[in-house]
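Peer 1: Listed here are the chains, written in short residue letters.
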Amino acid sequence: MRKQLPFAITLDPGTSLANQTGSWRTERPLYVDRLPPCNNACPAGENIQKWLYHAEEGDYERAWQVLMEDNPLPGVMGRVCYHPCETECNRAKMDETVGIHAIERFLGRQAWEQKWKVIFDAEPSGNRVLVIGAGPSGLSAAYHLTRLGHAVTIREAGPAAGGMMRFGIPKYRLPRDVLDYEIQRILDMGVELELNVKVGDIEGAFEKEGFDAVFVAVGAHLAKRIDIPAHAAGKILDAVSVLRGMEAGGEPPQLGRRVIIYGGGNTAMDVARTAKRLGADESMIVYRRSRTEMPAHDFEATEAEEEGVIIHWLRTIKQIDETMVTVEKMEIDADGRPQPTGEFETIEADTLILALGQDVDTAFLERVPGVDIAKDGVVQVDTRMMTGRTGLFAGGDMVLAERTVTVAVGHGKKAARNIDAWLRGESFENPEKHELAGFDDLNTWYYDDAPQTVQSALDIVRRQTGFEEVLKGLTEDNALYEARRCLSCGNCFECDNCYGICPDNAVIKLGPGDRFRFNYDYCKGCGMCAAECPCGAIKMVAENL
Amino acid sequence: MLKQIEGSIAVAEAIALCRPEVVCAYPITPQTHIVEGVGALVKSGALENCEFINVESEFAALSVAIGASAAGARTYTATASQGILFMAEAVYNAAGLGLPIVMTIGNRAIGAPINIWNDHTDAMSVKDAGWIQLFAETNQEAVDLHIQAFRLAEELSSPVMVCMDGFILTHAYERIDVPTQEEIDAFLPPYDPVQVLDPVEPYSIGAMVGPEAFTEVRYLAHEKQLQALRLIPEIGAVFKDVFDRESGGLIHPYRTEGAETIAVALGSVNGTIKEVVDAMRDEGAAVGSISICSFRPFPLDELEATLAGAKHVVVIEKSLAPGLGGILASNVRMALREMAVPVYTVIAGLGGRPITMASLRGILEAAAKGRLPDVQFLDLDHGAVEREILRARGIRRSGPTAENILKSLGAAAVAGDE
Amino acid sequence: MTEETALQRVKFYQTGTHTVGNRLIDKGARSVQSSMDRSNAITSGHRACQGCGEALGARYALDAAMRAAEGQLVAVNATGCLEVFTTPYPETSWQIPWLHSLFGNAPAVATGVAAAMRRKGRSEVKVVAQGGDGGTTDIGFGCLSGMFERNDDVLYLCYDNEGYMNTGVQRSSATPPTARTATTPALGDAPGNVFGTGKNLPLIAMAHNIPYVATASVAYLHDLEDKVTKAMHIPGARYIHIMVPCPLGWGTASDATIHIARMAVESGLFPLFEAEHGEVTRSNKIRRRVPVKDYLAPQRRFAHLFKKGQEDTTRIARLQRMADANIERFNLLGERESP
Ligand SMILES: Cc1cc2nc3c(=O)[nH]c(=O)nc-3n(C[C@H](O)[C@H](O)[C@H](O)COP(=O)(O)OP(=O)(O)OC[C@H]3O[C@@H](n4cnc5c(N)ncnc54)[C@H](O)[C@@H]3O)c2cc1C
Ligand SMILES: Cc1ncc(C[n+]2csc(CCOP(=O)(O)OP(=O)(O)O)c2C)c(N)n1
Ligand code: SF4
Ligand SMILES: [Mg+2]
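Residue numbers (the working numbering), protein chains in the order written: chain A, 30 to 574; chain W, 42 to 459; chain Y, 25 to 363.
Since the hints were made in silico from the structure, they are not lab data. Please note that a few of the clues may not be correct.
Calculated lysine-lysine pairs in the DSSO-like style (CA-CA distance at most 30 Å, straight line) [stated by the list, open to error]:
#	chain 1	residue 1	chain 2	residue 2
1	A	K538	Y	K51
2	Y	K317	A	K122
3	Y	K254	Y	K144
Assemble the whole structure, with the sequences as input and the hints as a guide.
Peer 2: Dropping the structure here:
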């Protein structure tokens, strides 16, 4: 039997629970989820942070499944995406951005090696959707529509699927086995692909063939041209044709020994580097603005220069002869526009490749009633990606947007979700965007200093002579390390700081994956949890007193 | 077993027989021999299973004791004089926490002026700290009271102070019956605390208590002392059964039947008083005496009953409440509050001043004639104090009294030599 | 033999060495505070101010001690905020056996408890004593020194908030120079606490040659837990001096406690180190060094150093020199050990 304890001086353990100190509070902490800047920047709408979260634990398959909810092409993406996510990555303000693309590429590789299958469980909807064009946008739409239960047929004009991923982007940046594998995986989900079918009659697809919806993503393939006075018939080619020629299967295009590429976009860079690999003595880029204004990414120019490509900045081509190109020097004016100076130079060259951009071939759409085509040739779509023709959706390079694989994939996803909703007579609502997780929301003390892992590159001689992939992938160790560099901006990653740091034990830990809960009976509102949350996932709000 | 032995050593042996588990030691005369004695027994192995801890102060001594007792160990320490003041805070604390620590006070004066000799000022300074205070009349009783003290403390959950006069008892060699281990074990069960620090029942001991319950806590402390009034005689009776010896209890009346003048005192002076009483009784004087064994709790009822027939009550005490007079006397008056009997205060034996039979007899005779002042200082050198008072009156800042008196006494001696 | 996986090889946990928990770290290596079954030696409902560093530091230390002692722990507490805010009748926040006696005697009381446990055959029960800086460096100093000198089997934890907080923020011998307290007001030509005063208790503890002395901070949980755990496994007298900012006394925002504690360390004003048998064996390297100004400026007790337009550069520089001297003396800038 318990003895009679001395009155008042001796107390039973833990009895202070009767004293609910929550009444002291003037502010209360709230768990919030903020939008990580990477996710916000991803044109494909990937939940990057979420898949990194799983990758950090070495659960690559789960990471990959999460990634695949938004993007069917991780292997491609990890190589060719210009990763705006990394530009926005908060970690860049600490040391260096997280190498998201490299981890994505690693996951793509793992999926290939482990033969992972996408998990989805939609009931067949009975709807048939036609996708025109097997570029990234079309493939993405087909993939997402399939995940949503619709039957998809892709019609592709060319001899193989991939669009510009195959007929534009050179192999040394995107090995074709990777591309083939990821396309095949989409087809294996049940997507029907018809090659060498150039679709001309969209109305027929609706009316005669009975497709319930059509997504068109035919890209922009018409090379832009300009008139340059030519004294003799010099060799003038266009970039997309040259690059397409590389994939035709036969002999590579015949270029001269001194090649000039005219333009400053990524296509120009790719062609110049291709020319180098094809054996040109000189591969030179002529661009009318300076490096800061060029549309190509800086690293692309750097890589080209590393391989020996010479870039003539601030020059326009005035005239071409058999062996000479005359260029005029330019100057950037106060508005950032190039202005002629009247000074001229000549460059010795035997081939000129124009890389001045592409237009959309809209001819077959002009016949479709309701479709609105802007002056510059891009097709108008509403927020659902639907054209003026009910049930006809469009995306990728052919609509007004940045022309990248990632944007194209994002369009495909967005169109698929809207088509799905439209087919069900609903409208697709994007979940509300959380407020952005800024760098100032973080408490960076908690993060260790850790520079980005460098992806090793092929040696320069092999880069100049062949089409082997330039950048190497990460090893598992490196990928794991790199994933762990993620700061988890704006979203709880269960670091236990709030749980540990609360002087009032007013944070309840719910266990792995379940995060935490505030115990407002005792929380005094000191705000320490919010101040010490590394990732800014706690916010203090005034208590209504 | 009868032994010719120093009082302190006898007490040390008795303590050891009580099987203390933690003993804290810090030197101060005249208590020191006791803890030295216990220490030697621990070192020699005679006392097993005991931590003997040499601490850095009396404050630490009692604090260590507090911790040990709260953790369930039978705990003992001893001190005197300045030592008890140095531990004063802990003295109150031990009582407040209800810890059954037994502590010996080898009673000694408190300075300044520093003085190592016997009086009761030290015990009086903590009389209201909540401890039980027992005063030993003889070394035999000192031994016996310590044995009873453990039982009392542990039964009540209250600390007990056993007071024995410094030098007079602590340093006196006498024939003392030191009990055997068997006897002690028969009398003193192992310590079974009501509350103990234990991870099995992790309560908090020593809470902060506010106005809402503090009075109740203090009332209960008072109540505990009242319980002790019952328990002390009971334990004394059990003790008698086991050891066949009268010891302890609340008071020891001596020849009080029919006594008109009764002396009341604490501690060893009662021996002298009894001799005076015997002598005066032989001469036909109606005198008697009472030795108070339990000063806290104070046996009001027993005193009232025993003093019922007295016409003059003389309290002979070795302490002083400056500005008031007697401390013990004030307490005795409380016992006699219903009776119209004069209670005289005789301040005696301060700082080791001998209390002679002659002086005592003089006091009792004067009392019997109703010729004692309310407060009297036994054998006071009136000349010395008057000179000092006069001197001080003349000078605004007169300097330390003690030195001046010594100086004037010295001067007188020198003058006398002449 | 099983193949080593990347999970085992890659020892980079991003936040693992600094945040309370980390799901990536091996279970066994995780902090006590991150675990769902930590003992919560002090539970909710206590009356410490919002953001009290002492409430937090005490739970950190005692939960670690509880784990190290496998639940067999007794705590002795000196008077002070910790005692007052945890045990006002009729409620206590303690969930471990706990004893409060006085302001200045906790080390001695603990000695007594440890002695009793030994005699009761319960040596598995470990004893910690704890108090504020006042209770430790001032009024309890004698008892502490005695406990050290006897090498009693007690772990003493000093929660240093650099002043007598419970009585309303008075100066203690741990109050830093220039700090304003109720007894060192920011007045006159030497405002706040005086330079050249105060004592360094960890160094004094070391001079007793006791087996273990360490400093720790509420902002460095892993280090704190490691030190407590280590101390718990060493027999004899041990001392850990833990810095615990007091929002009330220091005049800081209630959410800044950890930040301020961190600045104290990162500026070099509060060096973190360990010593065994009187010799410093290890010091924690500063990770992101800051000038003492960054530490001082957010605290109202130093506000007089930062009067608008007339910053007290002389005194700030003097404090900086103190930090620099610590950095030199305890070698705080070397290579950090890999986490
Ligand atoms: C050289 C070059 C390099 C590039 N590098 C990158 C890069 O590194 N990163 C990046 O993100 N982007 C890059 N881009 C841009 C990127 O390739 C495109 O933005 C992207 O491929 C657009 O995808 P899409 O699906 O809209 O169109 P496309 O990829 O052009 O695909 C359209 C498909 O539709 C087919 N088609 C056309 N008309 C019809 C029809 N009538 N019927 C049936 N099928 C039809 C075409 O054959 C083609 O396969 C590069 C572009 C080029 C040219
Ligand atoms: C002997 C004694 N003197 C003074 C006090 C008053 N007192 C109680 S707590 C305290 C301040 C405690 O300061 P510290 O030890 O630093 O602990 P803190 O409250 O700052 O945590 C004081 C002076 C007391 N209780 N006992
Ligand atoms: S005064 Fe300071 S130490 Fe005391 S409870 Fe408040 S914050 Fe904590
Ligand atoms: Mg303090």
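Peer 1: If a hint holds in the structure, say so; if it doesn't, say that too.
Peer 2: Here is how each hint holds up against the structure:
1. A:K538 x Y:K51: holds (16 Å)
2. Y:K317 x A:K122: Given pair K317 (chain Y), K122 (chain A) holds - Cα atoms ~24 Å apart, limit 30 Å.
3. Y:K254 x Y:K144: holds (25 Å)
Checked against the numbered hints above, the structure violates none of them.
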